[in-house]
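If you read the sequence shown in my numbering, its first letter stands for residue 723, the second for the next number, and so on.
It is worth saying that the hints were derived from the structure and are not from the lab.
Some hints here could point you the wrong way.
Have a look at the derived ranges for each label pair, beta carbon to beta carbon [what the hints assert, rightly or not]:
hint, residue 1, residue 2, range
1, Leu876, His729, 53 to 59 Å
2, Gly871, Ala839, 18 to 24 Å
3, Met892, Leu830, 16 to 22 Å
Glycine included, every Cβ here is placed at the ideal spot set by N, Cα and C.
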Amino acid sequence: MWLSETHVAWLFLAVSGLGAVFTLNAFVPVRRIPALFVPSFFGSWLTAELALHHIVWQAIATFLFIELGALSQWPGLLGMGITVTSWLGLLILFRDGHNTRHTFDDALADFAEPENAARLPLAQLVVPFLFRRRGVNVLRDVTYREVAGKTLRLDVAMPDDPGVNRPAIMQIHGGAWIIGDKREQGWPLIGH
723 MWLSETHVAW
733 LFLAVSGLGA
743 VFTLNAFVPV
753 RRIPALFVPS
763 FFGSWLTAEL
773 ALHHIVWQAI
783 ATFLFIELGA
793 LSQWPGLLGM
803 GITVTSWLGL
813 LILFRDGHNT
823 RHTFDDALAD
833 FAEPENAARL
843 PLAQLVVPFL
853 FRRRGVNVLR
863 DVTYREVAGK
873 TLRLDVAMPD
883 DPGVNRPAIM
893 QIHGGAWIIG
903 DKREQGWPLI
913 GH
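Sequences and hints are given; from them, build the entire structure.
Shown next, in the form of structure tokens:
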């Protein structure tokens with residue numbers, strides 16, 4: 723083997739520590755150090771929103787480390803303890819996020835959901851950043867205005883099957899027109 727069990731155990735401890743840092747950051751993001759604010763924000767956001775995904779990739783990595791002998795040395799055992807503690811934190815994050823559904827249900831109680839409302843496809847839960855959806859046709863870069871010599875364009879998403887008098891959603895992406903892109907932002911909402 724190209725790595726000894728001692729090296730594997732220390733590497734597992736380091737990777738476990740990194741996973742725990744992401745979990746801890748999701749609970750207590752850095753707010754007072756300007757250089758760390760943005761990375762901390764995105765790290766905590768993606769960890770909290772994708773807590774179960776983190777558990778899955780960490781479980782796969784943990785299995786591989788165990789197969790390579792990480793638990794034969796004390797650093798690997800410590801890493802396993804850190805990993806299990808991190809997973810408990812991730813489960814708490816998932817539970818807390820899942821419980822917000824009650825808040826939304828209460829807020830939207832006066833609005834009846836149609837009986838035939840479309841449900842989120844399983845593929846979108848497993849691969850959350852896959853924005854394409856079957857049954858949705860997209861016309862890209864439709865010119866809607868020219869201002870000061872600049873052509874302004876939008877994308878139009880609509881169902882494949884024809885219809886009349888359908889509701890419309892306008893999604894104007896954030897980023898103060900400096901960051902962000904119409905090809906990414908808003909598609910989870912519009913594709914739904």
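Taking the hints in turn, this is what the structure says about them:
1. Checking the proposed 53 to 59 Å range against Leu876 and His729 shows it holds: the Cβ atoms sit about 54 Å from each other.
2. A C-beta distance of roughly 44 Å is found between Gly871 and Ala839, which places it outside the suggested range of 18 to 24 Å.
3. Between Met892 and Leu830 the C-beta distance comes to about 20 Å, which sits within the given range of 16 to 22 Å.
Comparing the model with each earlier hint shows a violation of hint 2 alone; every other hint is respected.
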